[in-house]
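Make a model of the complete structure from these sequences and hints.
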Amino acid sequence: MRVKPSSYDGVALIAPVTVPYAKVSEHGAPWFIGSALGRMVKTLGINKSEVDGLAVSSFTLAPDSVITLTEHFDLEPSWIEQIPLGGASGVVAMRRAARAIQAGDAQMIACIGGDTATQGSFAELVGNFSNFTRDAAYPYGAAGPNAAFSLITQYYMDTFAATREDFGRIAVSQRYNANHNSDALFHQKKLNMQDYLNAPSIAGPVHLFDCVMPCAGADGFMVTSVERAKNLQVPYAVILGSGERHNSFSDDPVQFRGGWSKYCGAMYDSAGLGPADMNFLQTYDDYPVISMLQMEGLGFCAQGEASQFVRQTDFNFDGSGLPHNTSGGQLSVGQAGSAGGYLGLVEAIRQLTGVANENAIADAQVGMVSGYGMVNYDRGLCSAAAIVAKGNAAKGNAAKGNVTRGMLHGGSL
Amino acid sequence: MTVSKPLTPPGARTALGTAHTKASCGGELVLQCCGQCAQVQYPHREVCKHCLSTELDWQVVSTGGAVCASSLLQHSLEPFFKEQGAWLMGSIKLDCGPVVLAHLLNECQQLNECKQANTRVKVINLLDASQQSVLLALPENASADQTTTLQDRLTNELTRG
Chain A
16 MRVKPSSYDG VALIAPVTVP YAKVSEHGAP WFIGSALGRM VKTLGINKSE
66 VDGLAVSSFT LAPDSVITLT EHFDLEPSWI EQIPLGGASG VVAMRRAARA
116 IQAGDAQMIA CIGGDTATQG SFAELVGNFS NFTRDAAYPY GAAGPNAAFS
166 LITQYYMDTF AATREDFGRI AVSQRYNANH NSDALFHQKK LNMQDYLNAP
216 SIAGPVHLFD CVMPCAGADG FMVTSVERAK NLQVPYAVIL GSGERHNSFS
266 DDPVQFRGGW SKYCGAMYDS AGLGPADMNF LQTYDDYPVI SMLQMEGLGF
316 CAQGEASQFV RQTDFNFDGS GLPHNTSGGQ LSVGQAGSAG GYLGLVEAIR
366 QLTGVANENA IADAQVGMVS GYGMVNYDRG LCSAAAIVAK GNAAKGNAAK
416 GNVTRGMLHG GSL
Chain B
89 MTVSKPLTPP GARTALGTAH TKASCGGELV LQCCGQCAQV QYPHREVCKH
139 CLSTELDWQV VSTGGAVCAS SLLQHSLEPF FKEQGAWLMG SIKLDCGPVV
189 LAHLLNECQQ LNECKQANTR VKVINLLDAS QQSVLLALPE NASADQTTTL
239 QDRLTNELTR G
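Listed in order, the protein sequences are those of chains A and B.
Note that the numbering used here has the first sequence beginning at 16, numbered continuously upward.
Note that the numbering used here has the second sequence beginning at 89, numbered continuously upward.
Keep in mind the hints are simulated off the structure, nothing from the lab.
Incorrect hints may appear among the rest.
Here are a few chain A residues that face chain B, going by a calculated C-beta distance under 8 Å [to be verified]:
1) Phe144
2) Asn146
3) Ala157
On a predicted model such as this, the values are computed, not experimentally measured, just so you know.
Ideal placement from N, C-alpha and C gives every residue a C-beta, glycine not left out.
Have a look at this one:
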């Protein structure tokens with residue numbers, strides 16, 4: 016019997032911010048995290064002393080941590096959390112913060128993923144990522160995540176007859192979206208399918224435009240109560256359902272699925288919605304094949320059928336299909352370390368609160384955000400997802416009432 | 089004029105990785121086995137993944153396995169592999185249980201490219217030029233001559249051209 020998680024009633028997501036990305040930076044991680052906090056406080060017109068909760072995710076913050084940042088930023092929080100979950104960090108930070116708001120442990124929680132990048136810092140991070148990595152992955156060619164994901168990609172292609180063009184559809188569409196997002200590192204650069212297919216191999220089937228560009232930057236959002244958001248008179252988003260599961264299907268010899276399928280039914284039940292109701296999908300796109308695993312795991316198509324799905328679906332923000340990674344995603348915005356795990360959620364909140372860039376989706380009411388992260392050895396361990404919706408001025412969790420398109424397809428799961 | 093250091097594969101290991109190097113001279117393939125439930129473990133760990141026993145010992149295990157996926161790496165973060173050029177590695181499901189990442193012989197790549205994802209291989213320990221034990225996958229029927237090229241590439245230090 017499935018245990019139903021309690022609702023996220025009364026919780027509001029506000030103040031989505033991005034600290035512009037840079038390929039390298041002389042600044043430390045606190046510069047990016049603190050800048051994100053500064054932008055949020057300014058956006059909301061509040062005093063920083065009103066921020067009584069802080070959740071951070073960063074690969075380059077050590078030896079500092081969330082507690083040392085409280086002194087750095089001179090905050091006095093009643094609740095702090097550090098979420099070291101890579102690409103699942105944003106959704107997980109939101110989940111933890113939402114429960115703290117409901118429990119009354121804090122009133123205004125800043126959730127921020129931020130990292131710096133210097134010449135050579137990526138190699139250092141990769142080689143020392145974990146004990147399993149050091150002993151059993153890095154010595155085999157020292158290619159970093161490209162090696163593990165090239166094996167995952169090859170296996171997926173062999174097993175499900177996926178082609179490079181399928182991955183290319185995701186990359187090309189995201190570049191189109193990035194061309195309409197001035198925050199994207201590749202805002203000015205166009206990419207077509209021929210460019211994608213002509214790119215050199217980096218690791219087996221993984222070619223240049225399947226890879227993200229490591230960079231510096233930060234993304235963040237604030238979690239508070241609906242009541243507080245209304246008092247501040249700011250637009251907000253709400254959480255209709257959410258889940259996380261880690262180290263799923265550990266017996267699969269190569270990863271071709273993640274934990275999403277373990278909870279997506281419950282998540283759709285909570286929301287009273289199904290995949291067809293989503294106005295957008297934001298996946299964690301460290302490589303296109305991983306976005307396809309999320310499309311399958313979250314019920315947008317059946318297991319092994321993502322190739323067909325991407326061939327049939329328009330992913331552009333202004334298309335007629337399912338707008339996907341509307342910011343351009345990490346593939347075209349850049350991967351600012353842990354900020355990559357916040358990018359999709361921050362973009363979703365932007366779309367739902369009417370502050371998206373030129374890439375705004377027409378009438379976005381509700382969408383799916385998904386996270387994936389932490390390759391300890393040969394696969395990503397974390398999965399997390401959430402259905403988020405535009406806040407309704409009438410009631411705390413009345414956003415469901417806004418959804419009109421193809422409602423209640425959740426039973427199909 | 090500065091004399092550049094010879095290049096070696098990445099040699100940083102945890103204490104368990106170093107222990108594996110010491111233990112691996114005891115047989116063709118030596119991995120941790122649980123003293124309680126006998127399950128073979130990989131990557132090296134402190135606690136049995138099955139029964140959580142801490143009684144893990146290095147033991148000789150069966151070398152047989154099958155290729156899951158392979159990849160020809162074109163870029164590396166380490167100078168040793170950068171100098172070597174394209175490098176073939178892959179994941180192997182061992183008959184004794186775990187999935188291991190291993191250096192692959194080129195002959196295995198050709199088989200894998202024929203969509204033989206289940207190509208049979210033999211996985212052995214090898215002391216590489218950093219003096220650490222690594223895993224090498226060979227065709228099951230590989231001759232001694234066939235293994236020499238890759239072994240040489242892994243066991244010889246490189247000098248920058």
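- Message: Given A/Asn146 as an interface hint, is its Cβ closer than 8 Å to any Cβ of chain B?
- Response: 5 Å, holds
- Task: Using 8 Å as the Cβ threshold, decide whether A/Ala157 counts as touching chain B.
- Result: 4 Å, holds
- Tell me if A/Phe144 is really an interface residue toward chain B, meaning its C-beta lies closer than 8 Å to one of theirs. 12 Å, violated
When the structure is compared with the earlier hints, a violation turns up for hint 1 alone.
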